[in-house]
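Construct the complete structure from the given sequences, taking the supplied hints into account.
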Amino acid sequence: MATHAFASLQYCKGDVTAALDALLQSLRLWTRAVDTLARLNPTPSSSKESDPFDMGSMKDALTGASTTDKSTPPAPQKRLLSDGLEWRLSEGLLNTLFSLTELYFLRGSPREAEYFIKQATELAKELNAPSMISRALTKKAEIHLYIGQTEEARAGILQATEVIKEVPGVDAAYVQELQLEYNERHDEAQDAGELFDQTVAMLEDLNAAFQGFDSCSAGARRSSGLSRPTSLSDTLAPNVLASLFRKQLWNLRDEMGDVFDSLLEKLLSLSSTSLNKAEENALMAKLTLHNVYGRFRTDLFLSSLTESTIAVPMGMLALGKDTSAASSADIMEALGNAEKLLWSHLQLVAMKGNVVKVRQAALSLALIQGFRTSLGDKRPGAPIVMAGLLDNSVALGLRREMIETIDRKFPEKQCLDDMQWPLLSADGDAIPRSAITPNAKFRMRSLSDSEEEDEEMKEDSNSLSDYWQTIRMKYQNQCLDLDSLSTSETASLPSNWTVISINVTEDKSTLFVSRQEGGSDENPLIFCVPLNGRRDQEDEDHLSFDAAKAEMIAIIEASDACIKNAGNVKDNQEATRGWWKERTDLDSRIRQLLESMEYCWLGGFKAILNPRARSSDSEIAELRTQFEKVFHRALHVKEKRTRGQSTHKKSISQPVSQSPADLILDDFLVRCFSTLSPKCRDEEFEDVIYFILDLYQFHGVPIAIAEVDVDRLVIDLRAVLEEHSVKTGKKNDGSVDEHVFLVLDKNVQGFPWESIPSLRGRSVSRIPGVQFLHDRLTFAKWKRESLGERHEPSQGAAVDPRKGYYILNPSGDLVRTEERFRDWTRSMAEMGWDGVSGKPVSEQQFVNALKTQDLVVYFGHGGGEQYIRSHKIRSLPTCAATMLWGCSSGALREMGDFDRTGTPHNYMLAGCPTLVANLWDVTDKDIDKFSQSVFDKLPLNGKPLSAPKNSATPTSLVTAVAQSREFCKLKYLTGAAPIVYGIPFYL
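At position 156 of the sequence shown (counting the first as 1) the number is 156 in the UniProt record's numbering, and the numbers step up by one without a gap.
Keep in mind that a hint or two might mislead.
Unchecked claim - With a straight-line cut-off of 27 Å between C-alpha atoms, the simulated DSSO-like cross-links for lysine-lysine are:
#, residue 1, residue 2
1, Lys851, Lys803
2, Lys937, Lys851
3, Lys971, Lys564
4, Lys508, Lys549
5, Lys969, Lys581
6, Lys781, Lys937
7, Lys570, Lys971
By construction, these hints were calculated from the structure, which means they are not laboratory data.
Here is the structure:
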């Protein structure tokens with residue numbers, strides 16, 4: 001009970017990791033108590049004699065281990081509870097399981113939450129407690145709903161309803177609340193009002209029943225919902241009611257009236273806890289944004305705003321008085337109110353709230369900032385804050401897991417005695433308990449000749465521990481607020497590094513693409529690109545987000561089926577030709593999909609992905625002048641608009657008229673578009689043209705779109721860029737070793753962005769966020785300095801090519817791969833490498849290789865998950881750069897509303913500096929050709945390792961991967977599969 005209370009205190013303070021540790025300790029103590037009581041009061045043995053050769057109990061013991069935490073015991077055996085003590089112990093155990101489920105769910109760890117709720121369900125069934133069974137089934141269904149398993153969620157709701165049918169109570173309200181959410185997600189909200197009324201009425205009846213018991217001592221109990229409450233402390237199930245009210249208010253967002261106002265008043269009276277207050281703020285912000293969208297739709301001038309690309313910063317400056325925001329002050333005020341509400345929401349939930357809602361709030365704030373910028377808001381530092389929000393909305397669950405993972409990296413420093421009392425500081429923070437040390441008389445004395453070596457190892461371990469504690473403090477103290485996000489995280493990065501984030505809004509209608517350049521104090525550049533309706537002439541060739549996702553999944557599924565069928569066609573020439581034709585067609589489909597993604601989604605704004613422009617300031621100024629001349633000629637500055645022919649008609653929100661001559665394009669925007677190829681398609685130039693016309697329009701320039709010769713503008717703009725390209729061609733020849741880091745949100749991680757036309761062949765790797773990038777650089781600095789070497793951030797990870805380990809064909813069935821790389825392994829062994837070929841690798845061998853070597857290369861099936869468990873990887877204090885050449889070794893499994901999970905994240909949590917892996921299944925022959933090309937380009941073939949380094953610029957691993965895509969027979973189906981996570985390294 002003490003540890004459970006301690007967990008509640010730590011959760012309230014936002015320390016989720018300390019709360020989880022305390023709950024796991026509580027679980028172990030409750031389980032120990034239940035087991036002790038079971039031994040004191042054993043279940044009567046069966047009259048049947050036991051079989052001394054029966055291995056059933058041993059099998060149970062071997063399969064009962066938790067996949068989440070090895071210190072967590074299995075659920076107790078079934079037994080009939082007969083007295084109050086047993087009931088109290090079982091209740092404590094059950095409540096702890098529920099608390100663990102909820103906390104893992106909020107943290108964004110659905111697998112762990114599902115594990116513990118399964119334990120709770122089994123225990124509730126053993127206790128034969130219908131309300132607890134229903135509660136467990138409801139929570140299990142909620143987890144399934146959030147991870148996208150809708151059929152399982154629906155079945156769980158039906159089971160929970162069946163268990164407590166005709167039994168009114170809070171648990172029935174839980175089920176109906178989840179039913180409302182299920183209906184809302186599946187557009188079955190027609191009965192939402194009726195179900196809401198039934199649930200509130202049930203709670204009212206229950207409240208009335210309690211009044212009879214309370215009237216003698218405490219007076220009448222307050223009504224749950226239908227009457228005006230007077231005392232918060234007497235509200236029955238306030239959290240359930242608050243959630244129900246929020247859902248119903250959102251359903252009534254288009255029918256505001258007396259019913260809406262009454263519900264809102266009741267909700268405001270119920271919001272007593274911090275989480276309820278946070279959800280209230282989020283709801284009010286959503287309602288405000290909904291009203292703003294309604295205003296956009298009805299305002300003729302602003303109606304195009306949601307269909308236009310927005311740049312942050314805006315990209316245009318007024319030489320005189322700026323009137324862009326003067327006439328839309330009311331909308332700016334509404335957006336400002338929504339922004340304040342969302343910041344308040346994040347302040348309450350950023351560290352401990354539901355990761356799904358934290359992500360939604362961050363993206364909503366980014367969208368609001370985009371709207372405010374387009375309406376003329378020029379707050380300093382806003383682009384940095386927006387870029388920070390987009391970055392921090394990615395991999396939220398992974399960031400939270402990092403704190404817990406660091407604590408698991410040094411088990412010798414953990415307290416293993418659950419009987420120690422939890423300790424608190426004066427302000428309520430958790431005080432680490434002292435680790436258990438063996439008694440001195442049982443401690444083995446070091447041999448005299450190894451004392452110095454032991455001391456060095458201890459110093460290294462302490463130094464490494466200090467490094468990880470520094471990283472832990474960064475994650476622990478990270479906040480999502482204006483102050484924390486107002487400082488650029490990329491200014492200190494090498495000048496040849498660029499970070500690009502790609503995010504999609506919840507409704508898949510807007511794509512955010514942000515660019516932050518290392519070594520620069522300039523603001524980030526962010527494009528908010530609508531995925532639908534950007535071009536006037538949308539046709540059947542338009543690619544929606546859902547269509548692209550479905551096509552990618554279909555290609556991978558067809559490829560998997562084709563690979564499985566390979567063994568059935570090898571002896572039939574006609575079947576073999578058909579097999580290769582199918583593979584070639586799939587290769588073409590991937591290429592066409594990636595080209596369509598770039599064209600339909602980005603269009604002319606793909607310039608944000610291009611290599612950094614090397615043009616001088618004077619050249620950019622000249623290009624800006626040419627741009628403006630082109631548009632000034634096309635606009636024919638008019639004082640009078642042509643009615644009925646303009647895209648943006650006059651409205652009360654339109655700014656005061658202004659001349660184009662009073663406006664100039666910002667240098668950063670001109671520099672971005674200067675990288676566009678003059679050979680771009682006309683439609684891509686039109687994207688840029690309409691974007692700049694919108695900038696003029698929003699700054700008060702009257703434009704009659706029907707009178708603008710867009711075709712002439714395309715020709716003139718192409719000519720300007722051709723002239724600029726000729727002047728600066730030598731500067732932009734790609735000689736600079738530039739590297740791009742992609743921060744991809746969960747919705748876009750399944751696409752091979754590295755192979756879209758703008759990024760194909762360039763040095764591109766993925767990172768979960770900028771903070772992870774700094775972690776890798778900090779470790780590289782620590783490692784080089786510990787070796788007495790000078791650290792240069794642009795060198796990337798510190799990898800000694802002589803310290804390596806190979807795992808070749810551990811399953812024994814990849815004979816061709818083993819034959820191809822047999823000579824390679826021999827040459828690497830001569831250079832000092834170790835490894836295994838043609839036989840299974842033990843888990844301890846795998847762990848030791850990752851822990852002690854600088855580079856590990858794996859040629860086998862998958863990502864080696866059958867040889868090393870995920871928690872073993874995560875808990876590594878150091879991890880080698882790794883190449884996993886197996887099928888789908890780099891794939892992240894989709895988890896619905898939660899962040900994706902998979903092997904790459906295990907390596908990121910382990911501190912792996914660089915990971916090469918495959919996004920989908922590939923054939924061994926083609927991927928072997930790819931990997932051999934990577935080895936040759938590094939080089940990593942044993943021969944040059946002992947030779948002096950060439951004076952030429954070395955090739956990084958990431959560049960070698962990018963350049964090797966063209967060596968495959970199927971340049972997309974195989975060539976696009978390998979991707980890199982982490983930072984580059986050079987040999």
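Now the hints, each set against the structure:
| no. | hint | in the structure |
| --- | --- | --- |
| 1 | Lys851 to Lys803 | holds, 11 Å |
| 2 | Lys937 to Lys851 | holds, 26 Å |
| 3 | Lys971 to Lys564 | holds, 20 Å |
| 4 | Lys508 to Lys549 | holds, 11 Å |
| 5 | Lys969 to Lys581 | holds, 12 Å |
| 6 | Lys781 to Lys937 | holds, 25 Å |
| 7 | Lys570 to Lys971 | holds, 22 Å |
Of the numbered hints listed earlier, not one is contradicted by the structure.
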